[in-house]
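Please put together the full structure from these sequences, using the hints given.
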Amino acid sequence: MSEQEAHTGKVVREIKVRNDVFEGTKYKKQNNVLRMVLFYTTCALVLVLASYGGLYFTKAHLHDGVLLNNAEELKAAINFDKTNRTLLAQMPGLLNEVKKDPNDRYLSSMDIKVDAPKLQISPDNLVDVLIKGGLVTKTFDGNEFIDVDWETRNWAYGHLSVVITSKEDPDIQLTLNIAKDGSLLIWRVVGAFMSPALRDRVIS
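As numbered in the numbering used here, residues 1 to 204 make up the sequence shown, in order.
Bear in mind the hints are in silico, worked out from the structure with no lab data behind them. The beta-carbon is built from N, C-alpha and C at its ideal position, and this holds for glycine as well. Some clues are possibly wrong.
[Claimed, not checked] Straight-line C-alpha distance at most 20 Å; calculated EDC-like pairs for lysine to aspartate or glutamate:
1. K180 - E73
2. K82 - D181
3. K132 - D171
4. K132 - D149
5. K59 - D147
6. K118 - D200
7. K167 - D149
8. K138 - E151
9. K118 - D81
10. K59 - D200
11. K132 - D169
12. K138 - D128
13. K75 - D128
14. K167 - D147
15. K59 - D124
16. K75 - D64
17. K59 - E72
18. K75 - D124
19. K138 - E168
20. K59 - E144
21. K59 - D81
22. K167 - D181
23. K59 - D169
24. K118 - D128
25. K167 - D200
26. K138 - D64
27. K132 - D147
28. K138 - D181
29. K167 - E151
30. K180 - E151
31. K82 - D169
32. K132 - D181
33. K75 - D115
[Claimed, not checked] FRET-style restraints, in silico, Cβ to Cβ:
34. G182 - A71: 17 to 25 Å
35. V46 - K75: 22 to 30 Å
36. K82 - M36: 37 to 45 Å
37. T139 - L88: 26 to 34 Å
38. S183 - T152: 34 to 42 Å
39. R35 - I131: 52 to 60 Å
Here's what the structure looks like:
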């Protein structure tokens with residue numbers, strides 16, 4: 001009798017294990033995998049939006065700032081201090097030999113004048129510079145972009161380059177360096193490099 005009871009107990013235990021499987025353990029494992037996939041996909045999407053979402057606002061600030069000639073919009077899109085440094089480095093004659101005036105009373109003075117052209121952009125004169133360079137035209141109801149090609153290059157986590165080329169004159173080309181500036185979420189123009197044809201028009 002005892003042998004029969006032991007055998008019955010073993011059968012019950014086997015049925016219990018099998019019932020656990022059929023109660024949905026496999027389905028629960030599948031649901032956990034699905035939740036993990038959704039979680040990591042959401043995290044990746046949030047990371048991309050946080051990293052590159054600011055570019056959308058930078059482009060909007062730049063576009064509205066030029067078309068509306070709005071100083072506040074331009075300040076939000078451009079770091080003028082950093083951009084002006086890159087423009088200064090492009091001026092012809094900057095590395096010419098510096099000669100001091102022998103008749104200068106203050107011969108030992110550190111005030112050295114360089115004859116290289118100067119270009120200092122600001123929210124007040126940026127639109128005028130773009131008009132002079134041939135990338136923007138003035139209309140009765142505001143400014144207007146001349147037909148240009150935009151090409152994104154050197155895309156990276158913290159910076160990228162945008163090359164703007166005039167369709168009317170392919171030699172008129174402006175490269176904007178856009179990078180995260182002061183924050184992981186804020187992108188600004190931190191450098192501008194002009195083609196020789198654009199530079200000659202701007203400083204003439």
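Tested hints:
In summary, the hint linking K180 to E73 is supported, as the alpha carbons are separated by about 17 Å, within the 20 Å threshold. A C-alpha spacing of about 10 Å is found between K82 and D181, which places the hinted pair at or below 20 Å, so the restraint holds. Between K132 and D171 the CA atoms are separated by roughly 15 Å; this keeps the pair inside 20 Å, and the hint holds. In summary, the hint linking K132 to D149 is supported, as the alpha carbons are separated by about 18 Å, within the 20 Å threshold.
For a cut-off of 20 Å, the pair hint linking K59 to D147 stands: about 17 Å separates their Cα positions. Proximity of K118 to D200 is assessed by CA-CA distance (about 12 Å); at most 20 Å being required, the pair is judged to hold. The straight-line distance between the Cα atoms of K167 and D149 is roughly 7 Å, inside the 20 Å bound, and the hint therefore holds. Pair hint K138 plus E151 does not hold up; C-alpha atoms about 24 Å apart against a cutoff of 20 Å.
This hinted pair checks out: K118 and D81 have alpha carbons roughly 14 Å apart, not beyond 20 Å. The straight-line distance between the Cα atoms of K59 and D200 is roughly 27 Å, outside the 20 Å bound, and the hint therefore fails. Among the hinted pairs, K132 with D169 is consistent with the structure: their alpha-carbon atoms are about 14 Å apart, no more than 20 Å. Between the alpha carbons of K138 and D128 the distance comes to roughly 9 Å, so the proposed pair stays at or under 20 Å and holds.
A distance of roughly 16 Å separates the Cα atoms of K75 and D128; the hinted pair therefore holds under the 20 Å criterion. Proposed proximity of K167 and D147 is supported: the alpha carbons are some 6 Å apart, at most 20 Å. Pair hint K59 plus D124 holds up; C-alpha atoms about 19 Å apart against a cutoff of 20 Å. Simply put, K75 and D64 have alpha-carbon atoms about 11 Å apart, close enough for the 20 Å limit, and the pair holds.
Of the supplied pair hints, the one linking K59 and E72 holds, its CA atoms being roughly 14 Å apart against a limit of 20 Å. Among the hinted pairs, K75 with D124 is consistent with the structure: their alpha-carbon atoms are about 10 Å apart, no more than 20 Å. Between K138 and E168, the direct Cα distance comes to roughly 16 Å. Compliance with the 20 Å bound is thereby established for this hinted pair. Distance restraint check for K59 and E144: the Cα-Cα separation of roughly 15 Å lies within the 20 Å cut-off, and the hinted pair is therefore satisfied.
Of the supplied pair hints, the one linking K59 and D81 holds, its CA atoms being roughly 19 Å apart against a limit of 20 Å. At roughly 31 Å between alpha-carbon atoms, K167 and D181 are farther apart than 20 Å, so this suggested pair is violated. A distance of roughly 23 Å separates the Cα atoms of K59 and D169; the hinted pair therefore is violated under the 20 Å criterion. As the CA atoms of K118 and D128 are separated by approximately 15 Å, the hinted pair is consistent with the 20 Å bound.
Between K167 and D200, the direct Cα distance comes to roughly 18 Å. Compliance with the 20 Å bound is thereby established for this hinted pair. With a C-alpha separation of about 14 Å, the suggested pairing of K138 with D64 holds against the 20 Å cut-off. Between K132 and D147 the CA atoms are separated by roughly 15 Å; this keeps the pair inside 20 Å, and the hint holds. Restraint check for K138 and D181: not satisfied, since their Cα atoms lie roughly 31 Å apart, outside the 20 Å limit.
For the suggested pair K167 and E151, the alpha carbons sit about 13 Å apart, so the restraint of at most 20 Å is met. A threshold of 20 Å between alpha carbons decides the hint, and for K180 with E151 the separation of about 19 Å falls inside it, so the pair holds. At roughly 28 Å between alpha-carbon atoms, K82 and D169 are farther apart than 20 Å, so this suggested pair is violated. A C-alpha spacing of about 28 Å is found between K132 and D181, which places the hinted pair above 20 Å, so the restraint is violated.
A threshold of 20 Å between alpha carbons decides the hint, and for K75 with D115 the separation of about 30 Å lies outside it, so the pair is violated. Between G182 and A71, the C-beta spacing of about 19 Å keeps the proposed range 17 to 25 Å intact. Restraint check, V46 to K75: a C-beta distance of roughly 28 Å satisfies the suggested window 22 to 30 Å. Look at K82 against M36: about 43 Å separates their beta carbons, and that is inside 37 to 45 Å.
The hinted range of 26 to 34 Å is satisfied by T139 and L88, whose Cβ atoms lie roughly 31 Å apart. Distance hint check: the CB atoms of S183 and T152 are about 21 Å apart, inconsistent with the given range 34 to 42 Å. Distance hint check: the CB atoms of R35 and I131 are about 56 Å apart, consistent with the given range 52 to 60 Å.
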